[in-house]
Every structure is written in structure tokens, then in C-alpha cells.
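Peer 1: For the protein sequence lines, the chains are A and B, in the order given. Here the first sequence is numbered in our numbering, starting from 1 and rising by one per residue. Here the second sequence is numbered in our numbering, starting from 1 and rising by one per residue.
No lab work stands behind these hints: they were computed from the structure. Remember, predicted model here, so these are calculated numbers, not experimental data. Any given hint might turn out to be false.
As the list claims (entries may be wrong) - A few chain B residues facing chain A, derived, Cβ under 7 Å:
#: 1; residue: VAL21
#: 2; residue: VAL72
#: 3; residue: SER95
Where is the CB? At the ideal position from N, CA and C, for every residue including glycine.
These are the residues of each chain, in order.
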Amino acid sequence: MENLIALLVAAPLLGAAVLLCGGRRLDRAGHWIGTLLAAASFVVGVVLFSAMLGYEAEARTMRQHLFSWIPVEGFQADIAFQLDQLSMTFVLLITGVGTLIHIYSIGYMEHDERRRRFFGYLNLFLAAMLLLVIADNYLLLYVGWEGVGLASYLLIGFWQHKPSAATAAKKAFLVNRVGDMGLSVAIMLMFTTFGTFAFGPVLSATGETSEGKLTAIGLMLLLAACGKSAQVPLQSWLGDAMEGPTPVSALIHAATMVTAGVYLIVRSGAIFDAAPDAQLAVVVVGAVTLLFGAIVGCAKDDIKKALAGSTMSQIGYMILAAGLGPIGYVFAIMHLVTHGFFKAGLFLGAGSVMHGMNDEVDMRKYGGLRKYMPVTFVTFGLGYLAIIGFPGLSGFFSKDKIIEAAFAKGGTEGWILGSVALLGAGITAFYMTRVMLMTFFGEKRWQPDAEGREPHPHESPKSMTIPMIVLAFGSVFAGGFFAIGDRFTHWLEPVTRYDHGHAPVSAATVTGATMVVLLAGAALAWAMYGRRPIPVVAPRGSLLTRAARRDLLQDDFNHVVLVRGGEHLTRSLVYVDHSLVDGVVNGTAASFGGLSGRLRKLQNGYARTYAVSMFGGTAVLIAATLLMRAV
Amino acid sequence: MNPVNYLYLAALLFTIGASGVLVRRNAIVVFMCVELMLNACNLALVTFSRMHGNLDGQIVAFFTMVVAAAEVVVGLAIIVSLFRSRHSASVDDASLMKL
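Kindly generate the complete structure, drawing on both the sequences and the hints.
Peer 2: In C-alpha cells:
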């Protein structure tokens, strides 16, 4: 059974190779090949999952050693896989949601002549992401980590004829590089500290290592997570990444790749548990991003960018939970899975709306779409109820647990974190209600586009609505299935450990408070966007609104501090290069040039000049000889 | 007669020859001045031979004569062909080696 693990990666990798190397003759069958291989990977995942359920809870980890990758004395890197409950959860999420989004893309990308290439990239992404979660050492994880970065770059810039998409792809790649540097430094530190980078030995040796080293490793891992998961301060790329096709936003920039940072932190839990300072940094990053993303999400009129702000905020929740230690690991992953369902569903819904609206993304030009797109409306609505944490739906269980865990951290820290998480829940309700009202309710506000085409909103084809319906089922039932009877906690506990913590308030109080905040947020949104007609041209708005529209000035900050700073640095380096280095080099060359120019004049071609120099030379020699003899 | 006087004569002749080589432009005159220098050397060699009482200097003087004879042959040939191509015997006209 263990030998099947490699097949998880091999199937989509084969798909990517066939589709990208196959050329135009595969254009007509390419999307079927891609979808079939993604589904094959999902089937393998399910087979492995059912096998795993047959083992004892403590002995569920499956391993497969494929081959020795870099065998050097004292440096052993293997291509080896480890499939435990944590990896299994990710495998099922990635392949399941991935397959659905492959199916959706068949319809969504129908009119794109580069559809085969698109499916090749999607398969490449699946292979890299699966490699990331089933690797049994940090070096192999790094391979997957870079692979998903590459796939993300290729897919954000898929419509490369649009300069904005090409720029967004480059931006995502560059910002991710900063985080990737963190991961590579962390791996190097691990190797110098532990002499290995396999999960088992590293994570079991944290007890005998100095806290300083572990803190350094932890902070570097956090930097990596910030880059991949779009957390403050490396969050700026996610909003622009919405330039990619919507299925990509759903799969990579909502459900799977951006959660890789959460996986990294939960997987490295032992390191963070032994380094409280690093853990505190994780919590702070999570809490700040949670509010940051939510505020940005409130102001955006672009439906995908509003959802991107929401993704940032929800991953902030997960990072926050992962930073709480054993109290939160399980809930971080649980929220990750439920978020994978409802956020992918929301993005697919947004894509379906765009599909029917001539690719219009401005919500101010939607309005009243519920009559035209009933399936999209219902599935999007269920995703909406799930994300705001409506009682009984997925988000209710997973987000509530995180808020409880934040309070259970204890002390002042617990109160602060709990309040931030609670406030975030309120803002979530506000911006999601805003998206819902602006898109599906109110008067219709659409106008002919630049080419004078009147949009004719219509329901999307079956290949698009079926994945949305499946994801809506997940959004509704997954949370309850996981949370009731603590099923998910028991499932993950052997890997991530679990600790109840000491909650200062009862779970019922937290739930009650969450409900109050949620209703307040939703009511405020209704008062602002439901009761009054929405202007088609965005009003100027308050200072905060304008800042949030500009992503809370993140790009301006980066521009002033990093771009300008970098420009000044390079300019001064160029100055030093020109004046000092070039000065020395050019000066040497010029002085030799001048000297030889003068020496050249000696060679005037007159025989008598040469004769004079011969006579002079002889005279000097004779004089010197005589002088030496005299001395 | 003191043999040193011959040395003075040799030095005088050499100097006349050398300055002739340096200042005169006519290739034939320059050539004759070179001969003068060679003969000044010969005179000095023979004088030294006499002063030291051995024959080494005289033998070298014979060699010089042979070399001078060969040089006359080659030199005159060059001068003649130079005159043919440039219609002048001035050494300054043959200054084509400079850049």
C-alpha cells in the first residue's frame, strides 16, 4: 500500500509533462487528460485514506523511500515520502478541490485557445503541491515549495498579453522569493544545528537544542510562511494575483497554495513550541493580517480582490491558530480545510458571475443577479453563510474553535488575541454581506462595456455549476462533520498533539459573542449597501476607505521603503562604480595610453635618430662601466 | 713615436665619422662616414695590438675589413635601389617605418 504514495505525485506530473510537451495535436483532448490524471490522483488519495483508517491511530504514518537523492558523507538527502494524518488531510483537500476545479476549468476556459497549456500548468501545480505535503524532509518540501511558486507564477501570468497580468505574475514571484529565502536559510540552519533535515530527527531533537537557534529557525520558517501565505509584511502580491484566471484564484490563491505556510508552521510545531519568541511572532503576524485583510476586503469593488482580502484574513486566522501551539494546531488545519471548501466555492461563484457578465469584475456594475443565475446565487450564498460563520455551517465550527482557542491561550495575550479574532469575525460578516448584496441583490446596474456589448447575464454550463454545488455541500456539512464528536481533533491529535488550554470564558459565551458581532457586522453592511441604492461610481469615501482601496498603502510603503531605498542604494553603488572603480581602471589605461603616445614619437622613422639613440646608449654603457671600475 | 697618439687619431676619426652619420643626409656620405668609423676602429685595434705586444687586435682588424667589404656591397646595393625607387639619395626620404 505504501508504494502507492509516489503515484499521488506521479499522475499529475505525467499529465503536466504530456500536456506541455505534447504540442498542438493534444489541443482537443488536453483538458480531459489533465482532469483524468487529477482525478486519478484523488482516487489514489482515497484508497490510501481508507487503508490508513484500517490502522491504529498511533501507527497510521505510511512511508515510502523512493531513492537516495544526494548521498554524500554526512549529507543525506532522500526522495522519500511520509504520509501521516496531517499530510493525508492535505492530500484529500488538494486532489479533491483540485479535481473539481479541473472540471470547472473545462467550461470556464472553453473559449481560450491555450486551454491545453492551462491544464498542463494546473497539473504541474497539483504535482508540486502534493510533493510539498508528502515530503518527509525539508529539502524535498522545498522542491515542492518552489514548484508551487513556479506554477503560481505561470498561472497568474497565464493571460500574459495583458501587461497587468504579466506584472502581477512577476510581483508574486519576487515577493515569494523573499519568503523562499527564509525557508532556504531555515533549512541551512537546521542542517548546521541538527546535521539533518528529515522531519523525524529534526522535530524530535528540539529538546536538546538551544532556544536561540530554534528561535532563529522558527523566525525564518515564519518568513517563508509569510511569503507563501500572503501574510503581513509579504502580503502585497495576493491582491494582484487575481489577474490570473478565476479557477487559478480558487485553487491556488484561496484553497491550497496559500495555505502551505500554515502547513509549514503546523508541521514544524515542535520547533515553535520550544521557541516561545518565534511563536509569539507567528501569533502577531496572524492577528495583524487577520485585521489587515479584512479591512482591505471591506473597501474593494473588484469582486475577486474583495475575496482575496478575505482569503488573507482567513489565513491570518489559521496562522494565528497555528501560533497558539497545541491548543490551536488542530483548529488551524480544520479551518484550512473548511476554508478550502467555501473559499474555492466563492471564487468559482465569482468566476461564474464574471463568465455571465463579459468578464466584468466591478461589483458596482452587478446587482440583482440572483434572478439570472439561480445556481450560482444559491451556492455562493451557502459559501457566504459558511464564511461568516452562520450557525451550523462549516465556518461556524472552525472559526468559533479558533476564537475559543485564542481566548484559551490565557492571560492578557489570550484576551487580546481573542478580541482581535472576534473583531475579525465581525468585519468578515460586514465585507461578505457587502459582496453578497452588491452582486446578487438590489437593482441591476450593469452597462454596456467599452466595445458597446450589453451583458446578458446567464447561468453557467453544467461543468461549472456541478463543482460549485459539490463545494457548496462541503461548505455546509464539512464543519459539522469534523467538529461534532471532536472527530477531526481525534484524527489529527497523534501528529499535531492537542491541548485544551484554560479558557477564561465558556465556549457558549464565545459562541454568543461571535453571533452578536456577526449580526452587528451583517446589519451594518445591510444598512450601508442593502437599504440604499449603490452608486455605480464609487464615492470618495473616508480616509480609511481610500487607504483600504489602495490595499492600506502596502504598495506605497513598499515603493517608498524598498523600491526607493533600493534605487538609492543601486544609484550610490553605480556612482562608486563609475567614479572609484572605473576611475582607477580608466586612469591606469589613460596614463599608459598617454605614455605610449609620447613614446611613439621617438619612432619617427629617421635612421639618424636611431643612430643617436645607439650612440647615446653606448656612451652611457661605457660611462657606467668606467664608473664602476673607478669605484 | 708614442702609440697613444694613434689612439687620439682613432678617436678623432671615429668622432668625425659618427657626427657625419648623424648630421649628413646624403646616403653616400653617411655611408662613407660609417667606413670612416670602421677604419678608426681598425686603427685603434692595431694600436692596441702594438701596445700589448700580441696579434689579437690585428686579427680582429682583418675581420673588420672583411665585414666592411661585405657591408659595402650590401649597402651600395640598397642605396642604388633606393635611388631608383625614390629618385633621391637622402636618408630622410626613406622614413617609411614610422606610423
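Peer 1: Hints first: check each against the structure and report whether it holds.
Peer 2: Going down the list of hints, with the structure as the test:
A distance limit of 7 Å between C-beta atoms decides the matter here; for B/VAL21 the minimum to chain A is near 6 Å, and the interface restraint holds. At about 17 Å, the closest approach between the beta carbon of B/VAL72 and any beta carbon in chain A exceeds 7 Å, and the interface hint on this residue is violated. With a cut of 7 Å, the hint placing B/SER95 at the interface with chain A holds, because the nearest CB-to-CB distance is about 3 Å.
Checked against the numbered hints above, the structure breaks only hint 2 and satisfies the rest.
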